[in-house]
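Chemist: Chains A and B supply the protein sequences, listed in that same order.
Under numbering that gives the first Met the number 0, residues 0 to 326 are what the first sequence spells out, in order.
Under numbering that gives the first Met the number 0, residues 0 to 274 are what the second sequence spells out, in order.
These aren't lab readings, by the way, just hints derived from the structure by calculation.
Every residue gets a Cβ at the ideal spot worked out from N, C-alpha and C, and that includes glycine.
Fair warning: there could be bad hints in the mix.
Among chain B residues calculated to face chain A with C-beta under 10 Å, some are [stated by the list, open to error]:
| # | residue |
| --- | --- |
| 1 | S51 |
| 2 | R53 |
| 3 | A112 |
| 4 | T114 |
| 5 | T115 |
| 6 | H120 |
| 7 | A128 |
| 8 | A217 |
| 9 | P221 |
| 10 | K223 |
The list that follows gives simulated cross-link-like pairs (lysine-lysine, BS3-like), each with its CA atoms no further than 30 Å apart [said to hold, decoys possible]:
| # | chain 1 | residue 1 | chain 2 | residue 2 |
| --- | --- | --- | --- | --- |
| 11 | A | K97 | B | K36 |
| 12 | A | K91 | B | K36 |
| 13 | B | K166 | B | K185 |
| 14 | B | K36 | A | K249 |
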Amino acid sequence: MALLIQGAARPVLAAEKKNVTLLNVSYDPTRELYEDYNKAFAKHWKEQTGQTVTIHQSHGGSGKQARAIIDGLDADIATLALGFDVDALFSKGGLISKTWQSKLPENSAPYTSTIVFLVKKGNPKAIKDWDDLVKPGTGVITPNPKTSGGARWNYLAAWAFAEKKFNGDAAQIKPFMTKLFRNVLVLDTGARGATITFVERGLGDVLIAWENEAFLAIQELGKDKFEIVMPSLSILAEPSVTVVDKVVKKHGTGETAKAYLEYLYSEEGQEIIAQHYYRPRSKAVAKKYAAIFPAVHLVTIEHFGGWQKAQADHFADAGSFDQIYQA
Amino acid sequence: MKFKRHSVIPGFGFTLGFTLTYLSLIVLIPLSLLFLKATTLGWEHFWHTVVSARVLASLRLSFGTALASALVNAVFGLLVAWVLVRYDFPGKKIVDALVDLPFALPTAVAGIALTTLYAPHGWMGRLLAGLGIKAAFTPLGITLALIFIGLPFVVRTVEPILQDFEKEIEEAAFSLGANRWQTFCKVILPAILPALLTGCAMAFSRAVGEYGSVVFIAGNMPLKTEIAPLLIMTKLEQYDYAGATAIAGVMLVISFLLLFATHLFQAWTRQYERV
Chain A
0 MALLIQGAAR
10 PVLAAEKKNV
20 TLLNVSYDPT
30 RELYEDYNKA
40 FAKHWKEQTG
50 QTVTIHQSHG
60 GSGKQARAII
70 DGLDADIATL
80 ALGFDVDALF
90 SKGGLISKTW
100 QSKLPENSAP
110 YTSTIVFLVK
120 KGNPKAIKDW
130 DDLVKPGTGV
140 ITPNPKTSGG
150 ARWNYLAAWA
160 FAEKKFNGDA
170 AQIKPFMTKL
180 FRNVLVLDTG
190 ARGATITFVE
200 RGLGDVLIAW
210 ENEAFLAIQE
220 LGKDKFEIVM
230 PSLSILAEPS
240 VTVVDKVVKK
250 HGTGETAKAY
260 LEYLYSEEGQ
270 EIIAQHYYRP
280 RSKAVAKKYA
290 AIFPAVHLVT
300 IEHFGGWQKA
310 QADHFADAGS
320 FDQIYQA
Chain B
0 MKFKRHSVIP
10 GFGFTLGFTL
20 TYLSLIVLIP
30 LSLLFLKATT
40 LGWEHFWHTV
50 VSARVLASLR
60 LSFGTALASA
70 LVNAVFGLLV
80 AWVLVRYDFP
90 GKKIVDALVD
100 LPFALPTAVA
110 GIALTTLYAP
120 HGWMGRLLAG
130 LGIKAAFTPL
140 GITLALIFIG
150 LPFVVRTVEP
160 ILQDFEKEIE
170 EAAFSLGANR
180 WQTFCKVILP
190 AILPALLTGC
200 AMAFSRAVGE
210 YGSVVFIAGN
220 MPLKTEIAPL
230 LIMTKLEQYD
240 YAGATAIAGV
250 MLVISFLLLF
260 ATHLFQAWTR
270 QYERV
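Model the full structure from these sequences, guided by the hints.
Modeler: Written as structure tokens, this is what we have:
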């Protein structure tokens, strides 16, 4: 019996040398980006090594996806919405090393985005900056930072603005955030849900959204209906990527998985990224698409002391977000 | 000498053993794991999690709206079942199939459809807004979604009982001088009450745990329209597995007690019936 199994397993191993299968577990809005990128990488890999690589995709809420990997989903690669969820692969799952973020260039974030406002065409409420969102009578749509990874960037961007405006005076920042969330009409559980609430149901005057999501909404629904407003200050959203060490070790796919992520930083990878409205890291590609991505003052997550601290300060139970609703 | 009383049907021991094993595998083991995970919290932390203002508000909302929707379904579900059993009309087959649709529809689809309908700019939402009523993103909206998903439970449990209920009994009641109200209360209702209760209990327990259709229409505002299953998701999103299972455990215990009470009440009504 054992011989039979061994005999059966051997040709499979040999075949694996020729064909590689990778599973990339990602979050929701990257679906189209990775569809295009996978084709480009498969072609590149074939030319380089002669191997045929098939990449499977899985998409869902960032936190949900991270939990699935921790609970045993065999992901070779994780490309999630925020470093906090990738961190969990280390802290809760022990699947990657503590130093994952330094293994790839640019904090392991090959593309970035930022938080912008989507308003109705002509901007009837004249919304220009975060100040305008706390005015009475302005309906704001943003997803719930407790359930949506993306929404945590929204929240921190608003916080960073208030911090600058009030010179870091917590006694003034908190009322600002409270006023802002008093204007929130619906707290959807995910970013896509919030977009639907705003663009399809016509609720609210302004949607706080990722830049790529806002572009996608405009692209899908026509330029005559919505426009993007860039606030004076926003946050550099860095969706992080990593090879899941334990899984690739088991699959023997480490080399390919690493190359897959590294190629995201290549000229071609960055070009595809820009085409999908994510901000590229490459200066050359960024220059080419400068008209789409206006320069804006961006703070980073380091400003908040990294994800673990930001999570504990703002989004954990009894954090600053909970305090808004207890007041 | 006989120690065991043998059942008429053979294989009693085997089937009982199989049933218990099956129930343990499918129901008991997953549920006990849940409680096991919750115990990792420690009593103090568990209590702190469960009695926090947000959790209490969400439990009140979840059980309150579930109860309201079950009561509405009790009245109108019975009516629908009555019409489907007692009357023939063109298109009856289609209406009959429609009743089951909430069973089959993915709950997220139901949620999105209902939200579109009842949102301030939706068809029904606009009408209701004219009357000064806000449906979507309020507890009323949540109740509406729960009525939608709970309806077939009541209709499908009451229907077979009504079918078996002979018209002659009603006619006998009439000929003995009972008026319509008396016939309904004293003759029909006692006969269908156990089934109606079962249907309600099923609709209720389904509504308590419902997530997919509700999160879209709820608006998810903390302390106001945040349902308990959403809070569980919130805890999971923070990788707080133990906290999530604590809330789930409390929901489970409350549901179990309520369902158990319903069964006791049913047993009592049946006993009363026999006397």
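Chemist: Hint by hint, say whether it matches the structure.
Modeler: Now the hints, each set against the structure:
1. With its C-beta approaching chain A no nearer than about 8 Å, S51 (chain B) sits inside the 10 Å limit, and its interface hint holds.
2. The interface hint given for R53 (chain B) holds, since its Cβ lies 8 Å from the closest Cβ of chain A, which is under the 10 Å cut-off.
3. At a threshold of 10 Å, the smallest CB-CB gap from A112 (chain B) to chain A is about 12 Å, leaving the interface hint violated.
4. Below 10 Å, beta-carbon pairs count as interface contacts, and T114 (chain B) has one with chain A at about 7 Å; its hint therefore holds.
5. Proximity of T115 (chain B) to chain A holds as hinted, the smallest CB-CB distance being about 7 Å (cut-off 10 Å).
6. The interface hint given for H120 (chain B) holds, since its Cβ lies 5 Å from the closest Cβ of chain A, which is under the 10 Å cut-off.
7. Of the supplied interface hints, the one on A128 (chain B) is violated, with its beta-carbon coming no nearer than about 12 Å to a beta-carbon of chain A, more than 10 Å.
8. For A217 (chain B), the interface hint holds, the least distance from its beta-carbon to any beta-carbon of chain A being 9 Å, beneath 10 Å.
9. The beta carbon of P221 (chain B) is positioned within 10 Å of a beta carbon in chain A (closest approach about 4 Å), and the interface hint is therefore held.
10. Against a cut-off of 10 Å between C-beta atoms, the interface hint on K223 (chain B) holds, since the closest Cβ of chain A lies about 9 Å away.
11. At roughly 26 Å between alpha-carbon atoms, K97 (chain A) and K36 (chain B) fall within 30 Å of each other, so this suggested pair holds.
12. Note on K91 (chain A) and K36 (chain B): the hinted pairing holds, with a Cα-Cα distance of about 15 Å set against a maximum of 30 Å.
13. This hinted pair checks out: K166 (chain B) and K185 (chain B) have alpha carbons roughly 15 Å apart, not beyond 30 Å.
14. For the proposed pair K36 (chain B) and K249 (chain A), the alpha carbon gap of about 29 Å is at most 30 Å, so the pair holds.
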